[in-house]
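So the sequences go chain by chain: A and B.
Residue numbering for the first sequence follows the working numbering, beginning at 1 and increasing consecutively.
Residue numbering for the second sequence follows the working numbering, beginning at 1001 and increasing consecutively.
Among these hints, one or two may not hold up.
[As the list claims (entries may be wrong)] Okay, the calculated bits of chain A under chain B, using three or more residues with CB under 8 Å as the criterion:
no., region
1, 52 to 65
2, 118 to 126
3, 136 to 149
4, 192 to 200
[To be verified] List of simulated lysine to any residue pairs, SDA-like, C-alpha gap at most 20 Å:
no., chain 1, residue 1, chain 2, residue 2
5, A, K246, B, Q1110
6, B, K1134, B, A1187
7, B, K1134, A, M1
8, A, K198, B, Q1110
9, B, K1155, B, Q1110
FYI, nobody ran anything at the bench for these hints, they're computed from the structure.
Just so it is clear, CB atoms sit at the ideal spot from N, CA and C, and this is done for glycine as well.
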Amino acid sequence: MTLSVRIIPCLDVTDGRVVKGVNFTDLVDAGDPVEMAALYNTEGADELTFLDISASVAGRETTLDVVRRTAEQVFIPLTVGGGIRSVEDVDRLLRAGADKVSINTSALARPQLIAEIADRFGSQVLVLSVDARRARTDSGFEVTTHGGRQSAGVDALAWVEQACALGVGEILLNSMDADGTRAGYDIGMITAVRAVSKVPLIASGGAGSLEDFSAALDAGADALLAASVFHFGVHRIGDVKSYLGKHNYPVRAVAVR
Amino acid sequence: MIAILDYGSGNLRSAERAFATAGKEVVVTSDRTVAVEAEGLVVPGVGAFAACMNGLNGVDGAAIVRERLAKERPTLGICIGMQIMFSHGTEHSDTAPHPGVGVWDGTVSQLAAPILPHMGWNTVEVDSDSTLFKGIEAESFYFVHSYAAKSAVGKMQAWSTHGERFLAAVEDGYMSATQFHPEKSGAAGLALIKNWVGSL
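Let the sequences and hints guide you as you build the complete structure.
Here it is in structure tokens:
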């Protein structure tokens, strides 16, 4: 009876389409998020994350429809992030079929939003997404905004501690230094955040080799999120799970089809 | 027909769709008569114990469950919908525990684990005569919770471990419950739902 580590593919969605480069050969339409969600589910994803990067109200409405259609077909947990600013936004997403929401900028602007969402729906629905990088702050890590280009002026560890006290149920830690490099997760950052938090920790940013995944687990991550290595077929989810299983990390077996 | 009890407990769409895969008509309802008369009733639940009980009381849910059990009609509690079937829960209670429906005597209390919530896929240790787990005894199921019941109740128990051993599922005549979310547990979860629906 051991809790498995979770492998979570992340899909960036705008106006109802998956963007940021996906490269699948076995899909009719590689840009359809519902179809991709179903494929990742079949391949053994333990959860799915949609990041809504739509800039418009219409785009966000479309995302609700994507969430709805996905939840009707794919029976594993679905997290949706991007553009969530209020309890009402969370309510709409949960009603559409999301199981969890992730918040980032809006919580930095108004930390009390964390408590409002947790009080209404429970901590278990709330993932705090932290875009952090190495910097000369107290802990050596700072929170960034605008995709890592700007400093939020907040120490990353202090922010994680504050957010945990306000009621987040999980932390998604994105290394903005490692993001997209495929040079490995930021192990020092994972270790540091693990040390100050008692909620599940999802590592994100930098996944490249199979060894990168196990290194993040060794540093204290409970779950591993990746985008490009899965979208481009560098690794399939089953490869990552086989590797981890071989090295005695607890993984959920991929169902035989 | 299967009824999913709607008492303001978040997203029921996934549950509705997941139970529909077992081949029966599924309705989401807060209507007492529909809930009492349905072939099977599902009591879902997310959030905190006391808030969940408040919602349940708002639709006379405890009475619905008791009436169904008295009439020997199957009922399935999921996650907090399992927890509130116990007599007490200590979540967010500084003094006396919150009262639950009380189908089972016992207290639902916080798991002694370094990382909470217990979030993710875990396996279960299950009695061989289980109806719910038939054919899926070795599978993993998706859990999201920080509290659990830790003493045996009912005729059949499934156990899991996170920091300590806790009740992952119970089968007790017409009342069954899972601490995990079968509607979020992929193919294994759908198989469990099919097993329950098949037993109705």
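Within 8 Å of chain B's CB atoms, at least three CB atoms from the region 118 to 126 of chain A: coverage verdict: holds (count 5)
Three residues or more, CB to CB closer than 8 Å: is that satisfied between the region 52 to 65 of chain A and chain B? Not satisfied, violated; 0 residues make the cut.
Sort out whether B:A1187 lies within 20 Å of B:K1134, counting only the CA atoms. Holds, because 14 Å separates the two Cα atoms, which is no more than 20 Å.
Verify the proposed pairing of A:K246 with B:Q1110, using a straight-line Cα cut of 20 Å. violated (33 Å)
Okay, the region 136 to 149 of chain A and chain B, do three or more residues pass the C-beta test at under 8 Å? n = 0 at 8 Å, threshold three: violated.
For the pair supplied as a hint, A:K198 and B:Q1110, confirm whether the alpha-carbon distance does not exceed 20 Å. holds (14 Å)
Please verify whether B:K1155 and B:Q1110 have alpha carbons no more than 20 Å apart. With Cα atoms ~24 Å apart, B:K1155 and B:Q1110 exceed 20 Å; violated.
If you look at each residue in the region 192 to 200 of chain A, do at least three have a Cβ nearer than 8 Å to any Cβ of chain B? It holds: at least three residues are needed, and the region 192 to 200 of chain A offers 3 whose Cβ sits within less than 8 Å of chain B.
Regarding the pair B:K1134 and A:M1, is the alpha-carbon distance no greater than 20 Å? Cα-Cα ~18 Å, so holds.
Comparing the model with each numbered hint stated earlier shows that hints 1, 3, 5, 9 do not hold.
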